[in-house]
Each structure stands twice: as C-alpha cells, then as structure tokens.
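Chains as they are written, first to last, in my numbering: chain P, 1088 to 1449; chain Z, 1088 to 1449; chain F, 1088 to 1449; chain B, 1088 to 1449.
Honestly, the hints are just simulated from the structure, not real lab data.
Computed from a predicted structure; not experimentally measured.
Please note that the accuracy of each hint is not assured.
Each pair may be met inside one copy or between any two copies, as identical chains are not told apart.
With a straight-line cut-off of 25 Å between C-alpha atoms, the simulated SDA-like cross-links for lysine to any residue are [to be verified]:
hint, residue 1, residue 2
1, Lys1233, Arg1197
2, Lys1171, Asn1124
3, Lys1343, Lys1393
4, Lys1343, Ile1139
5, Lys1403, Gly1301
6, Lys1234, Asn1363
4 protein chains.
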Amino acid sequence: MNTFGRVFRATTFGESFSAAVGAVIDGCPSGIRLGANDIQRELDRRKPGQSILASQRKESDRAEILSGTLDGKTLGTPIAVMVKNEDADEKPYEKIKDLLRPGHADFTYREKYGHVDWRGGSRASGRETVGRVIGGAIAKKFLSFKKIEVTGHVSEIAGIVAKKMDFDGIAKNSDKTAVRCADLKAARKMESAILASRNGRDSLGGIAEIRARGVPPGLGEPVFGKLDAEIAVAMMSIGSVKGVEIGSGFAASQMKGSENNDAFYMKNGKVSLRSNNAGGILGGISTGEEIVVRIAVKPTPSIARKQDTVNVKTMKDSEIEVMGRHDPCICPRIVPVAEAMLSLTLADNYLLWSAYENSKAR
Amino acid sequence: MNTFGRVFRATTFGESFSAAVGAVIDGCPSGIRLGANDIQRELDRRKPGQSILASQRKESDRAEILSGTLDGKTLGTPIAVMVKNEDADEKPYEKIKDLLRPGHADFTYREKYGHVDWRGGSRASGRETVGRVIGGAIAKKFLSFKKIEVTGHVSEIAGIVAKKMDFDGIAKNSDKTAVRCADLKAARKMESAILASRNGRDSLGGIAEIRARGVPPGLGEPVFGKLDAEIAVAMMSIGSVKGVEIGSGFAASQMKGSENNDAFYMKNGKVSLRSNNAGGILGGISTGEEIVVRIAVKPTPSIARKQDTVNVKTMKDSEIEVMGRHDPCICPRIVPVAEAMLSLTLADNYLLWSAYENSKAR
Amino acid sequence: MNTFGRVFRATTFGESFSAAVGAVIDGCPSGIRLGANDIQRELDRRKPGQSILASQRKESDRAEILSGTLDGKTLGTPIAVMVKNEDADEKPYEKIKDLLRPGHADFTYREKYGHVDWRGGSRASGRETVGRVIGGAIAKKFLSFKKIEVTGHVSEIAGIVAKKMDFDGIAKNSDKTAVRCADLKAARKMESAILASRNGRDSLGGIAEIRARGVPPGLGEPVFGKLDAEIAVAMMSIGSVKGVEIGSGFAASQMKGSENNDAFYMKNGKVSLRSNNAGGILGGISTGEEIVVRIAVKPTPSIARKQDTVNVKTMKDSEIEVMGRHDPCICPRIVPVAEAMLSLTLADNYLLWSAYENSKAR
Amino acid sequence: MNTFGRVFRATTFGESFSAAVGAVIDGCPSGIRLGANDIQRELDRRKPGQSILASQRKESDRAEILSGTLDGKTLGTPIAVMVKNEDADEKPYEKIKDLLRPGHADFTYREKYGHVDWRGGSRASGRETVGRVIGGAIAKKFLSFKKIEVTGHVSEIAGIVAKKMDFDGIAKNSDKTAVRCADLKAARKMESAILASRNGRDSLGGIAEIRARGVPPGLGEPVFGKLDAEIAVAMMSIGSVKGVEIGSGFAASQMKGSENNDAFYMKNGKVSLRSNNAGGILGGISTGEEIVVRIAVKPTPSIARKQDTVNVKTMKDSEIEVMGRHDPCICPRIVPVAEAMLSLTLADNYLLWSAYENSKAR
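Taking the hints into account, I'd like the entire structure generated from these sequences.
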C-alpha cells in the first residue's frame, strides 16, 4: 500500500538504488499555482549532504514534473514527479549482502518478499521519503491557498530539550541550524551531542514537533477517521518513528481532568480555548487552535561498531559493522518529511470537510 | 468514516442515546466458529457498571447477531450485531444542553454538523466503542484460529507504574482487578488513587499496554501501510487516546543506536531477536516477536467541579459542572477496546499478508 | 465487499433467512430531513407480494432506524436501518438442499465459502436488495435537497418495447402498473407475456431504463472513476443484471460519428446539447443533461420445470424442479433497486464534486 | 481517482501533451518475472501509426521501468513505468482552442476544472490508456504465472459480425489484421467499411469481445464487488465505451429462463456447465468457465466534417471541423486496452480470493 490519503492522495515509488524515486499526486484541485521550484525547495530541505550531521550521499535531487500542470498551475489531473537516483554506491552493501543489519528491515523484507533488493534498504530506505516530500510540497501549496501553514523543528535530542516556542518562532529559526532546532542555544548543544555520538561509532534518536496553523474547526471524521488518528498513521508510517502524541500526549496520562481540560471562552465574538492541551483536536475534529504533534524518532540503526547478527546464507551467527554514508541522527532530516505528512493529512481532510461543509443542510 | 480495515472490515454505528449501537463485520473468512457468547464475553469486559471505578449506567449490553452466521459458524457474509441502548437517561444532559463541556467534542461536533445530538456525546461517547468490541471479538476468534493471541492491561495510573510482565502474566491477571492492571500490588494502589481523585471531584488518565503473540513474520505493508502505522491509527481512533508508542517508543528517542538495536541470532534453527525494542515490527513488517503497544489515555473530561465554558445559545461566557454517570478513570475500560482495535488490525493485515504469501513466486 | 461508495457509503447486511437484513449509511450530510416513512415508501415499491406478477413471500418489510437521526433530521453519523425477516419458509429449500439450482449462485458460493446457507440464496437472494433500497431512499432524500431527481421503468419485456418517453412521463406512470412500465399500453402486453410464461413454467427477462434529472455539470472523476463507470458497477452489482449501457449505448456501436455526436449550442445563455446520445456524460463527467441508463435483466433462473443439474452430496448428475415463491419476471421489482443504486452513485459523486468545486482556484 | 484496484492497483498519470505518461503498479507479488520487453509488447499493440486504419501520430512509446524490479523479477514494491511523449503537435489544437469538440470532454473538463489543457484531450485523450496497458502487461505476467490467459478481438463493426470463435481461434488470429478481428474474412470487410467511412469524413464504432481462460471458481466478492461489476467498471472506464455485457448480456433480456440457464453436469469428476450464457460468472463469482465480456465502442468523435458547436470565448454558436491525426475507428486499438483492464481486474480479484481461500476454515 504505497498510497496515502482518500481524496488528496499521494502514491510513492522507488527504491534506494532504482532508476528513480518519485510520487504521483492525485486529487489536488485545479488552478493551484505550482512550479518545480515549489517542490525543489522542500526536497532541498530533506536531501542528504547538507551538513556534517547528515549522510554524505551526493544527490542533486532534481524534481521533474512529468504531468498534471500547465502554465504553472495544476490541472486537477495526477501530478507525477520524478527524481533520478544519481549517487548510488552499491559497494558497501555488497560486503554485507548476507548479513541482517540490526534495527533495519533486512530480515522482515526477506521474510515477506523472498526476492529482495539488498542494495541499501530498498523501500525501507530513507530515500523513499523523497516521494513523501514531493507530495507534501504540493499539499503545502494547496494549504497555503487556504491560509493553512505547517512548520516543525527538533525539540529534543540526547536529553537536550528545546525551550517552548510559538509557531512563528519555530517557523523563523528551524532551518537556520544543521540540527533543525529553532532554539538556537539548544541547537548548538544538540549538534555537539550528535558529533560526539558519531565519534563513538554510535547514533542518536530524538523528538520532533510539528504544528499547523489556520486549520478551520470541523476537519476530521469522528470514530475511525479522527484527525488525530489520521495524523498518527501519517507519522508512524515514516521509517524510524516509534511514537506519536497529540497536544499534551503522554503527559496527559499523568494529569488530572481539571488540569488537562481546555476551558472555553468568548474571544472577539468567537468560541476559543484558553489552553491547547488537546493539541487542536477534540473528538477527532479540529478546534481551530494550532495542531500540535510530537514524534519519537529512534536512533539510526546503522552504526559503525560491531553488532551480533545472522548470516542468512550460512544461517549461522555472525557479526556486522555497518559502514557507509549514514546520518548519525536522522531527526533533523525527518522534520521536512513529517511536515510533508502533516500537510498531506490536512489537505486530504480539508477536501473531505469541504465536501460535507458545502452539502449539509443548515 | 465509520469503517475500519481494508479486507477484514468493521463498520460501527450508534449514538449514546440512539435505539441501538452495533457493527457490521465484513470480510471475516467463512467457517470460523462464532456464537453470540464469544461477543458477549468481550462486551461484558467493556460494559459500564462493573465496579465502583466505572460509570454506573446500567446496560445489559446483550449482543444480537442479525446475520452472517449459520449453525455457529461464519458464512463469509457480513456479520451484523446489534446491542440495544437501554438505560439512556437524558436528564443530566437537558440542563447543560447549551453549555460546551470542556475536553469533550460538543464544540467540534457543533461546528462540523450544525444539527447535533446533545444527549450524551453522540458518536463521541464511549458507547461508540461497543461496535469496536463486537468487531474485535470476531477478529479475536479468527486470530485464535490462526494461533494469534491478544492481551492487555493498565500499566500506569497517577505515577503508579506496574512492574514489567510477560504475556502470560498479563493475560492471567489483567481481568482480576477492577482497574485491570495485572500487577496486583500496583493495582491496589491505582484503585486508591482513582477513588481519591473521584472524591476530589476530579479524574485521572493513564497508560495501557496491549500485546499480541503468535504473529508470523511478514505482516504489514511497507511505506504507508506499515503495521505500526496501522496500529497507530487503530489506537488513536479510540476516544481519549492522545499518544501511541510501539516497542521502546518514546524511550527510543533517548537511547543510542547500540542500545536500541535488537541483535539477531539463531535459535532452534530460526532467526530470532535477542531483545524486542522494536516491539515486534521492523520496517513496518512483523518480526515474529511479540507486538508491544502502549497508549496514553487522557483523564476523563467529565468532572463534577466548576469549569469555565461558553453558553452557545447566549454566546456568552458561563460555567459548568458535569454531573452524571462517568468513569473517574477510563483506562480500565479502554483495555478491551484497545485489544479489539489491535485484533481488528491484525486480522486485516493477516488476510492481506495471506493474499501475497500465497501468490508470490518463490 | 459489502460497502458501496467512497464518501456517501452504504454497507448492507443480511441473508435471505437471517434474523434481519439492512444497511448502514455512512457519510450522509447532517441536517437532511429523513423519517422512517421516507425509507418505507421505497421499500414498499420493492417488496414481494405486491401483485400476481411477483413472489408471494409475505414480508411487511418494516424499516426500523437504529441510529443517525434526531428529530427527523440526519446527524451526519451512520444511519443504521434494519428490516426483520418474517416470512422465511425453509421447506422448499430443504428438499433441494444438495442440488445446484441452474442460473443461481449455489455452485459458486459453495466453491468460494465451503460453509453456506442453503436456505434461499443467502446474500445472492433478491432479499439482499432491501439494504440497497434503504441506502437509495436516504440518497434520494439528499439528492432532492440538491434538486436532483431519479426515476425509472421497464422499457422492454419479451420483445414488447415501450414507446420513447420523457422523464416526467416515466415518473408519472411507472408505478401505476404491476409491471412498472410507464407506457400503459405496452404494460398490458408485458403483463400478459409474463403470465403466459409463468403458466408455461418458465420465466422472462427484460430491460429497465433509469434516469436522473438536475445533475449539475462536473460530476464524475475522469479515468477510472468516470461517472458512467461508477454507474456501471452500481448496476452490474445487482443480481440478474447482465448488461449496462449509457445513452445510445450498444446502438452507438452501429452509428457514425456524425450521427452519434451531440452538437453544442447556446440556449438561454448556457452551453447546451441538441441531442443526448451521450446519456448525460462526456469523458466520464456529467454534462448537465439527463443521465440515461439501461440495464439488461436475465430471466429469473428459478423455474418450475425439470432441469439437468448435479447433486453435490452424491456428486452425480441429477434433475431439479425449483418450486417456491419466485417472480416470473424480476424486472418490475428491479426498477426501485436500480433507482436506488443510481441515487447512491449520484450522492457519492455529488459529495466528491462538492469537495473539489469548493476548493479549486478560479 | 486515477487508481484502479484494491490490492493489485494501477495508478496512471499523464496528459496527451505532458512530458510523459505512465503508471505505478502497486501490489504485484514479488518474484514474478518481468522485463521492459513484456510491457513493450503490449504497448506496441496499442500504439498509434500501426496501420492506415489508425492515428498517424508517431510515438515510439518506449517503456522505462523506474522502480520495483531487480534482475528481471518483481520486488513486491511499486513498479513505476514511464513513457515519454514525443510527437506532440499542438498546432491543430491551437486553431480550435475555444471551440468545444462534439462528443469530446472539452465541455465537461472546462466545467469541472476551469483551468484545462486545451492541447489534445488531456486525460480524456486515448493517450491516457498507455498507463492502463502498462498495468495490464504486468497483470498479465502475474496471471500467466497462475495459468490464466486473456485475449480479445473486434467482433462487430458497421453491421459486419465476426463468426463465433473459441478462445484459441481468437488468440491466434486477432493480431493478424489491422482491424484486429480474428475472423479474417469479416476483418477484410470491416477494413473496407472503415476506409469508406474515413473517406466520407466520418467515423465508425464497433463491438469488441474480451475473454479470460483458466480463472478458478471462486473469484469475485458477492454484492457490490461482484466480478461482473468489477469488470463493468473496468470496461466502462475506458474512453468511448458506452456499454458492457457479460455472457449472453442484452440477449438474455430476450430469452426465457429455460433457454438462458446453464445446466450443471459432472465431467471428469468435476461440476461443469453445459453452456456458458452466464459468461463464467454466477452470483458475481467465477464458475471456472471462460469469462466472456463484450463492450460497445462509440464512433470516434473527431471527424473532419462541419459540426455545430459553441465558441467558449465569445459564448456564441459556431462551427468546427476537427482535423488532426485521429483513428477513423478506435475499436482495433481498444482491444489491447480492454484486455489490460480485464487483466488488472482479474489480478486484483485473484489476490483477494487468495486471501480468503487460504484463511477460511474447512
């Protein structure tokens, strides 16, 4: 199932070492301004080789729009976008071809598919996220036409916690640091921690926070299609994400009702909420407040130190050292991917909401 | 969207005060043993009035199978099951008809639907979960035929953390306590905490842990249909759940790669994992180890103390005290619901896996 | 797959001899006026025992709304409707339990499911259409709120062809005759033909024509979701339907381009079409003209004369005479079912159209 | 909705004049042999410029596989295939930019999308079918691994009806004639009729018959997912198709039950059918006999003679002559497209069947 969404839908394709990766975006309304540069900007935020903190794979990641636009505007037809794989270096994988990399999908892909692409993670590679970012870039353009904005940053790495920041603060500073943390002081400490970990032939995980602003009340379908449930699947579908929370999230489990409830009050003639523990969603439907999501990212499984594993050719115990060009902490590069997934989720839910909003009897 | 699943699918219906609640289960294979008692057993675990810790609403919650079985076995056709609503008391709601209950979906339902059922939460009521438990009971029967088991318990309330327990330990003791925590010592403390909170006209949240055993390797579709993503949407779609984590989850964000990676080794001629930080899922595909899920449950929003709110008739600031028959902590009753959702997710993924497993070339 | 539609969705349940049949309608916008009588009216048009031309099974077919409405208006939540099976007479089926009825689904259900309900056709029974008619009645209410009307009649039986009639002519007279043909003269001939066939222990098929008026231009999704393709699946999913055509249909295959093309011209300031060979759909999208659909209905397979068959217990050649309460021609009772399916299709496509229509940039 | 299928799924993209057309095939099992040549063979059957009977657009239609295979075998991941558009000549369209072509989707696309690609039909162009044929070629490879074959030919044009032929007869001769009719005598007459029509600045429609052999009993989901309904949507989604029938189809509406019923009998120890009026499907489920489908194709709407229309710039009545490179009869080139759609439908239903077949209790 390589398609995400019900009405605004992204189908992604491509392995780490196939000829190309990309996506087909189906269901984007017509007449939306969209150029290759809109997609390129988001791809550049995701791409490897941006700093010493990231994988040194060299990919220009140039977006080619194959269909779906004319004169810089969407046609309402599927928008196919392709990015050629350029710097695919099989050599490091040749040596460990028969060894299962711990923390990776090598074992489960073998069990599921039998015939697998041993060169670099196949669809479980981070390279798969190129398609998500393409879809997210198009979704962002649609959302911006509806005055909805999405931003995000790294909020915690190695016990270093960014201070609480508002939407504008995050949006302004997030991309200024290699670690993509909008608290510039914390960012410096995080960077040191990542470099130290890499020098120790190890890796780190972290937490990213993603937000949306301008979402009108009413988005999300109750019961199974709750907006928070849709966000949860969007986020947990990103490789390396092991947890998702909305608003006060896991902290809510420690709070009392009187602490966690957000009081209603009138503000400028509209119903508003005094706090946002709900993270912008009540009963699975958006409140109009900011959507606040946090995701737990596991430490990069590829580490250069010796680990126990199994050789699937000999079916015997063995050892492995995973060399190659890996991110010592994937968190900074997951931020644009998570923004993309939130954008796709909101675009899809916006269209569904629009269907009912314009069809209900008043 | 009141349907969950792609191949094994549950469509639920019913409001808190409608004539009935229930579900239609579509896609359950034929020939599976199923009687009303199989469904009743799970409904009884969910139903209100079981103890002093739960809502005192009196519902016999009797399951009536309307279609889809013959001679105690499934026909492969849709299984419709209905539970009549009996003890629907509108009075407490009449008084607060125009007041938005903080932490509830009153505001967002009004925004989304305009015309709403003010009597007790409509589809955002916990009563909606009757349909989920019906679906889960049928899924469990199918899974048991495939030797897959699901269990769960409350692992934390008010800072009281249950000790680490294995599958059998949880399965054996979970239902023995009103708080549905398998660590009987912790359970007693949790119960005291809940009663104390209720006496203080307040409520508590908590964390539940749900597990599955016997899942063969290979379940789950990579990319958007990852098994952990499917579980995330299943869990987050339950009212009051604000966070989901798989395996080491949020703790993984604090760990190093060398700590979080699960080493492979040969055991009885099969590839096995020495630890289970992955929670039974790598690259979105089951490893064959236990599936381990934890969910964060927010404190019950209905509390008997005064809270600020808005009167939607006068559109003025107001106050509310939510009386009625509420659970002071919803966590114990969410356990069977979360088990149901995990069961539905696994049944759906089992069927999909089966399609490919039997069609691939070897 | 017992669910029809993407946004406006009907899930049906129930066998010929189960406790009940019914449907859950999900995605109907809120605030639409709907009472049990709206559903009853359509069920009464479908139900058996209406005339000498139909099955003599006695069913009151009383619709009970279980959820989804309050004060005679929809809530936007799933509308569950149940009809109890009352007059289920197993006896005629007991005798032919092990004989495959030619033209029926006995053989294929056995192959597919193994464990089957031998009493009267299970889900392949005409009784399954009760759920469709429930869904269609709700869809019709929604469509009427949008000024869209659906009608239909029998246009051909046994070589007797009704004269060409316009929408109003069909709508006015269709229900006046037992054979449900709006051309009253042809209707009398058709009735005689059906009675003659029944007396000869045989059965007849026929053609029904279904139309919709008031559909705005723009409905339907190009490529796989073409409006005509959606209608085709809707119609062909009805038991006994073996062919579907739109507009000039099979006749178009005999025409020249110059004959079949519908010329455009300006009428009252709007683009109009001089003819309607397209049947209201061009490129899979509605033109604003009437939607015109015809379906081919096969003769009722249950006939009281001897037919060759197989006994699945002995696995030997055998003979069968299908006694019981069967329609000598199912065409008249298929009309309300086909109207229901067209209504469901249009409601679903209206909502989808509405999503894009209100989201596109102009 | 540019995706077809539930488990074996094809998403197509590309306009008549975009950079490329293509498809992403998701859900093809792993390990299936597949090379670019397998796709090329089918594309060559569809491509323009093959004979004097077809459009003279010159396209090499070279298939590039972008992902999803390794060493000539599928990986189980999405297979993206792209075909560049080469011979896109805008000039004939420039002149008629503001004129609605009768019988085309110009009007409805404008109504639906506002911003449209006026160059050659956009997604309503026959060029869109390249993606279908790509998907069908992959589906055929999968089906052949399961011993299922698909073939087809033109069975009627301009009143010239091909004689009844069996599967092998059709498969052997279909591609031997430019008109793709396996009855070589009828083929010659059809070719003369097409040339005569083109010389008269007009066009023809026709009927194509598509068959599948080797389909095991049990495929298809009763009720809305009937195999014949799935085939109907597959066929009617092809541009220019205005009617679909299965087995005896519209002729069944003229037959008596005693004529149309297919008797069962024992043959080589298996239940068989003496005739195949059902077209291989009973109750929506395959019987094991050949699947027989016929589609009605309308005459090509592009004709070189004067037709009445509207100028959408001036909003006044006008006239149009559609010059350019059009097929005087599209029927011969629709055959491989219809085979592709039947193949996709069967591959999807095979996988679903496989899921249940391997999960049911016996």
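List of violated hint numbers, smallest to largest: none
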